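Relying on the hints, combine the two individually framed chains into one complex.
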Amino acid sequence: MGLGKASLAQIRQRPSRILLTGIAIAIATFFAAGTMLFTDTLRDEFIRSTVSVSEETDAVVDAVEEPWVLTDEQIQRVAAMPGVDQVAPSGSGVSIAIGRNNYVLRTSPVEGPLAMHTVEEGSAPGTDEVLLSRSLAEELDFAIGDQFEVVLYTEADQKTVTATLSGLVRDSPQGSYSVMTSEDTFVDWSETDGFYQLLVAGSQDEGDLVSAIQDDLGTSVLVNSGQQVRDEDMRSAARQADSIFLVLSIFVVIAMLAAAIIVASTYRILLARSRQRTAMLRCIGAHPGQIVRALLVEAVISGGLAGVSGALAAVGAGTAGLAIADLFVTATMPPLTVSVPSLLLCVLAAVLLSVVAAVFPAIKGARIPPVAAMSSAPLADSESRVGRLRTTLGVLLLLGALGLLALGLMMGTNEGQLFVLAVMASGVLLFGAVLAAGPLLVRIMTRLVERPAGAAGGIAGRLAARNTGRAPRRSATTASVFALGVTLVSAVLVGLSSMQAGADEQLRASMPADAMVSDFSNQEEVDGLLDQQLVDDLAAAPGVSAVTPLWETPLDVDYGTDVVEEWVSSVDVPAIPNLTRNIASGDFSEWGQGSVALYQRVADDHGLSVGDTVTVGAEGRTVELTVQAIYRQGGTLGFVSIHPDDLRTLMPDLDPFRLLIAADEAIELDALQQALEATVPIDPNLSLFYPAEEREAFEEIIGNLRLVALGLVGITVIVAMVGVATTLSLSVVERGQEYGLLRALGLRGGRLRSMLTWEGALLGVYATVIGITLGSAYAAMVASALSDVPMMAIPWGQLGAVLVAMIAMALLAALIPARKAARSSPMQALADD
Amino acid sequence: MSSTTTATGTIVAATDVSKVYGSADTQVHALRGVSLGVAESEFTAVMGPSGSGKSTLMHCMAGLDRPTSGSITIGGTEITSLRERQLTDLRRDRIGFIFQKFNLLSELTAEDNILLPFSIAGRSPDEEWLKVVIDILGIRPRLGHRPSQLSGGQQQRVAIARALATRPEVVFADEPTGNLDSSSGREVLEFLRRSTGDFGQTIVMVTHDPSAAAAADRVVLLADGRIAGELRRPSRQDVLAALDELSR
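First to last, the sequence lines map onto chains A and B.
With our numbering applied, the first sequence has no gaps in its numbers, which climb one by one up to 833 at the end.
With our numbering applied, the second sequence has no gaps in its numbers, which climb one by one up to 248 at the end.
So that you can see chain B by itself, here it is in the shape it has in the complex (with noise of 0.2 Å):
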């Protein structure tokens, strides 16, 4: 209810969001009223215990999940209030997904992978932009390689470049090191660091890692479902320090 950037760059808005999921006596209160702004170019992570409520805040953030009150902006677009067509719409051509298990096509090469958003939106794609991506995230000699014959880094790297190809508003990352090792996991977290600088990239990544956590701009704490407490470039230290707090 407190940290809220109002800054004019506010990509996505949270405001007064709940979620209560169960009816009656069963009620599960998962979100209380939660208001977040996430600034254009900043990399956001959000971190909590299990039960916290994080990754309700992401799915209802992201178009996943619908929010019970409360209203969600992308880029200025109500999203509460989209029909299901609406929402796909919106996450195809607005929003990046990074997933936890990279879901990337086993059948499709690196490149088709990467072009996958495309198919589906039966769009082609920007080659520059494409380029850029694809250099930076060093997987051009992998291009023509299958998932199983790429390690978990890069394989993560090649779903960050599904991700970004788009150029999508923001990118919603789930535990995106939740499956590496943690030198593949700083290298990706390296590359999310840069795509915000670089790139101008607005990145929301939900994690349980302090480490993550202290590659973001910004950690927003959650607990009970309400926003606990919000760090501005913290060290790993202080993250461990303000879960320490939470916990108590």
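Pulled out of the complex, with its shape left as it was, chain A reads as follows (with noise of 0.2 Å):
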């Protein structure tokens, strides 16, 4: 058993050890084993809300030949076959509008075996009534027995019935936005031949069942099992679920890379501390093998112990968690998905994780003269040099990640993919050379604050910067490992600003006025919804200051070198200023009769540039423009736009396809909407638009992700804090007896605490400063690259606030080791080991 006995006796004299090598892993476990419950959870919720065919269906007939139909007939037959106990056909795809929104019309089976969803309220839909999802009745304001007018899109004609709502059904991914109504209604709103499917539930074996419908009704159906069609959904739901944990554990592997680098150092600094001890290990006749598999029997009892701890906190945080959302929230929460294998697999993780992480500095370690358990042996402080290794692998590093930057930037944006991976990498290879020049960098640092440190904080600030530079490389590792959190905290605060800038650009381009009416109707024709009379009427609304119509129509154009249709847009460009915006070349201060401007590819496609000549016809007229600006983004002009009097002699007769609404200033959102809704007349072709609501929306969207990322990348922040902790604590049970001299020699307690305060907060400024330079510096590129505008939006306010939380973190974490070391008694100066 070797050393065994000792590695255990030590972790049960000193718990403390375990906790200093394990609560890095701990987390990390935590985070991974919370990622797991997560998409379990998320999977099987999937699952059961993507499953189009109840659990108890067994057979799905599907039609497969021209018309798409059952016929009555047939659906007859299959109902009258022996075993058979409920068939129901299934029918969805025809829209539907209620007021200005869109929804699919749909029939499933309420009742039986067969249903997917069950009226939790009210009743099953009769004729001319409908079923909603719980939300979807709340957004519309209805109740059960409320009476509103559907209009329905048949493939001829468009009209209007009155409906009932009967009932509501659970929320669910497909049922939200759909409106479920019974078969009878289905084909008399509809106007359908019949349906395309018809599900069936029977007592007898499945197999057996499917062979005799698809035997009876041959091959112009194709009938599959319940079972083949709940595990087709199920897969397809399963890869959604999939894809997310791919994105998750990304996240995760970070963190427990964190964690490993952070645990490595601590092992090393354990290691070191315990020098003389395994010196006369090997002293005794202890192998390096056996001192190295003592200290792996430790690192599995660590990361045993870590890993259980961190996966049922997770357990625990997760169960917690489900529990209070279901308190606020309406909806019913899913059960949490407890998968004993994942989390095995995540304690299994932490004791590799624990073991990769000691076994080098135990190889290290154990590689220890035994000639240094002597009196005589000269104890060498093996940790003052920085590496030659280390500075050319950092050198190399650094070249790589300047290379594949100098690529990146010679692709340019056109290689949108290629450049953000050439960026990411080279990003990756930078962060691995400031890991490898670590040591220097730190010395340099130390170097440098050191003045300035006196000057701030007296003698304590002078030791702290000197204390950081003795121990350069386990400074630099914690520090590095800080930096890496900082990096990602930056980046994802730089990506998201820079992705709102860019979709602000964009929905201005798109969405250039303050409100926008747009006619879906059908465009290929004249007359349309957006008729003198309305623009008349808008323009007097309240709150409106100014309407201007834009038309869009396919029109014949000829670049010169060949002649294309291409939809062409026509505004009074100058009066909308969000169009003016981006332009490439040119400008629109000459817009007139006789203009054309040009989205930027499709001058590039046809070597156009201003000054050139295109010629736009239709029915025979043409007339021949000159090219006044290109402009980069073609969200609401499109490829071609020209000049609306000239698209009068084109299309004299042309209604607007939208009207673009300024408002007064003054005017408050919600005011302006009544108005215009007052105004434009309840038409589901007709469409309201309003930016600041998208705006908003998108913000929204980004809040939400930028939370989500900040606790993505938050664990690895609270793994490098565990780091700077642990490396703190240690350097002051190591300097016991100098910090003893220290008190001796008459400095105070307190010049104790407020020293390690200032070794927390010089890691802090050195990780901080590198890792918001790297993290925005890189995101801002990424972003810059994935966008038609270079846009990059430096979030100085949030960064600073990074600035300033990750250094109070730093100085949080040597909170403990502080007070530990203004405790220190003058007598540890006298005391020996």
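For the record, the hints were derived by calculation from the structure and aren't laboratory data.
Hints may be right or wrong, so weigh each one.
[What the hints assert, rightly or not] Derived CB-CB ranges, DEER-like:
id : chain 1 : residue 1 : chain 2 : residue 2 : range
1  : A       : Arg-819   : B       : Ser-151   : 28 to 34 Å
2  : A       : Thr-773   : B       : Ser-69    : 55 to 61 Å
3  : B       : Ser-151   : A       : Thr-392   : 50 to 56 Å
[To be verified] Output of the computed footprint for chain A on chain B, the stretches with three or more beta carbons under 8 Å from beta carbons of chain A:
id : region
4  : 79–89
5  : 96–103
6  : 106–119
7  : 172–186
These figures come from a predicted structure and were not determined experimentally.
No residue lacks a Cβ here, since even glycine has one placed at the ideal position from N, Cα and C.
What follows is the structure, encoded as structure tokens:
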């Protein structure tokens, strides 16, 4: 058993050792197990909600030949087959509108074994009755028994019917935006010839039933077993959950790597501290392998305990989280899916992580010459030199990083994907360079800050700078992991801010006015819903300052090289300032009859520039136009935009496709909305858009994304904090004698405390500065590569907050070690070991 | 070069051992052709001023360091040509060590510390012998205690028990009284003496303390990497006088 007993005794005697080496892993495991639980629960929920046929459905019959419907006769035959308990046709896909919104009309059984949705409140739909999901009814402000008009679009026509809400069903991804009705009403409303699908539940063997139906109906239908359909649905649901898991696992891996680096560093310090002990063991005949094994036993125990506690904590947090969510959210929360194999996998990963982190320090530690146990053997501090290997590696990695960056920049943003990959790989290499050259950087940093730190913090500040530089390797490792966390945080913030800015810019281009009315009725026809009367009404509506019409129609465009039928827009561009942003060349100052503006890609494709001529024609008439401007964003203007006067020449009777409405400065969105809703007739083809609403919705998405992303990268920051705390704690223990001496020389305990606080602060500043610089620079580069318009928004305020928060966290991490240092007594200077 | 014991019972023999540190112009000659034989059941002290090479000599003889030239045998085994693995086994099975700072594992009880060499070797101890050693050292009541609960003298006695438990051919003691008060130191020396007399244990001790050296059967004086003299059963005064002589 070798030294196992000593290892166990050591853990029993000093459980703090396990805490030091285990806590970082416990946090990483908590995160990993949490991710597992989350995706397992999500997968179950997805499967529950995406399965399209009920558990009891035995066969699904689909029409696979013209006319793609099952006849009544076929349905009757199946219903009459022996062993068939229930048959129900299912149909969907008919578009209906309630007010200004469009939904899908469906029919599917709500009773019996085939029911996928059960009526939670009210009753099953009868003739001209519908079911809505609870949240949709809430959104539309309908109660059971309410009647409302529904516009139905059939192939030929549209018609309006009156529907009654008969009941509510539970929310589900499919159910939320669909309107369910009875079979008869479905047929009546949709004027369909029949159903394309039939669900069958029976009491005989599923396989037999499937082949019996198939035999009976022949090849015009395809019969699948219910299980097959459910399996297929589940697979696609599982794929969705898996892709979420994949994204999350990137962050899990980063956090675990951070933990491994921290724990390896902790083991290195612990082993450096027990040099004498190891040397003695070697002296009295322990082989290096035995010493390594003893440490690995400790690592397994530490990793195992950390893994178990992390996994249990994740289960606890998951259960508590769902219970709390249940109190505040109206929808029923799914139960937490606890998969024991997944959790065991997490624990196993924790053990592996711990062992991997311990093995290299252990091998190095065991290499100590046994003679070091002797009184006369000089104890060399192996840590003080920065190895040449490290410097070389650092330089190589830096060169690699710069090379990839240059490559990325050379490729330019045209190669979007490759550019992003190159920049990201460059970032990874640069981080490797920081890790490798860390000791050197820390040296330089401490030399630079010694004076200012001394000026600000007196002797405590100066000593702190020296102490940090004295063990540069360990300071650098801790700081590098910390910097990794800060890099991720900064990258998230800068990336999302840039995304927000890019989206804002795109929104300005696609929705350039305060409000827009669009006509989605058949645009091939000249007569639209946006007639002059409506324009006048809108212009007179309270809060509206201007109404600018925009036309859109397909025209023959002769670029000089070739003639293409393109959708051409036409609007008085200078009236809408948002449209004159992001002009690549030329301008709209001379915009008038005879002008044309082109989308940059179109101009590039046809080799056109400002001053060139384009001929546009329709119905035999043509106009010759001069290119005035080339724009980068085609959200509103499309590929080609001509002046309204020219459009009138070509198509004198065309009604506008869209009205761009400018609001009075003073008016609130709510008031504007009210005024417009009252003026614009309710017609499913007329849509009202408010960019402010879109922006708000997008801001909310970005905000949520920011929270989630910060949560994901936050784990790495926390692991890094643990690293700072352990490193400083171990330093305090190690320097007990030295602190005693300082105390004996008259330094007050409080000064020792501020010295440790300063050490934490220096590490924090170093890591934060590196992290913010790297994270912001790389995120800004990626973000600018990904959007049409070079867009990098540096959120200075947020980054400032990161700086303050991270330094505060470093100080927090230094709190416990600092208190311990302050308690050093002068007697420690005399104590031997 | 003069004082070689070539009696039949020589356990440790160093022959013409030199040790050079560094290379070229920064060379330091720690040992210059030292020959020394340690007889069975003899308590030998190696003395000398700092830098005399006494520590280097012991490190080489105990297989902790390799001489640049010369030969060292322990119980007839030539150890300078052994590989690291074999040296480790040799130290484990045939050598005992006593350190200045006791070097007990703080997490283990006194008893487990004594049994540590057996744990490492994966062997079971000779219970009879263990009993004898423990009783003679008077540490039976302390067996369940941890090092932190023991006085310095008690800790060193536990360390001696650990060194003797495997019945090694030779015990190397490195300043065993260096960290002890004088009365504890005397006790420890007394016990080392008895272990040579009663059990025939061979002991080599490096010390700079003349009183400690005076407890030995034989004192070998080193100066400047060479053997500078030898005393048999000296008194403390003899040792002091010899050291005084050396420093002239």
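Against the structure, the hints:
1. At about 32 Å, the CB distance of A:Arg-819 to B:Ser-151 agrees with the hint of 28 to 34 Å.
2. Between A:Thr-773 and B:Ser-69 the Cβ separation comes to about 58 Å, which falls inside the hinted range of 55 to 61 Å.
3. Take B:Ser-151 and A:Thr-392: their Cβ atoms lie about 52 Å apart, and the range 50 to 56 Å holds.
4. Interface restraint, the region 79–89 of chain B with chain A: holds (3 residues with C-beta to C-beta distance below 8 Å; minimum three).
5. Counting residues of the region 96–103 of chain B whose C-beta sits closer than 8 Å to any C-beta of chain A gives 6, which meets the bar of three, so the coverage hint holds.
6. With 7 residues bearing a CB less than 8 Å from a CB of chain A, the region 106–119 of chain B meets the requirement of three and the coverage assertion stands.
7. Remark: the region 172–186 of chain B is confirmed as covered by chain A, as 4 of its residues place a Cβ nearer than 8 Å to a Cβ of that chain, reaching the required three.
This entry satisfies every hint, going by the numbered hints stated previously.
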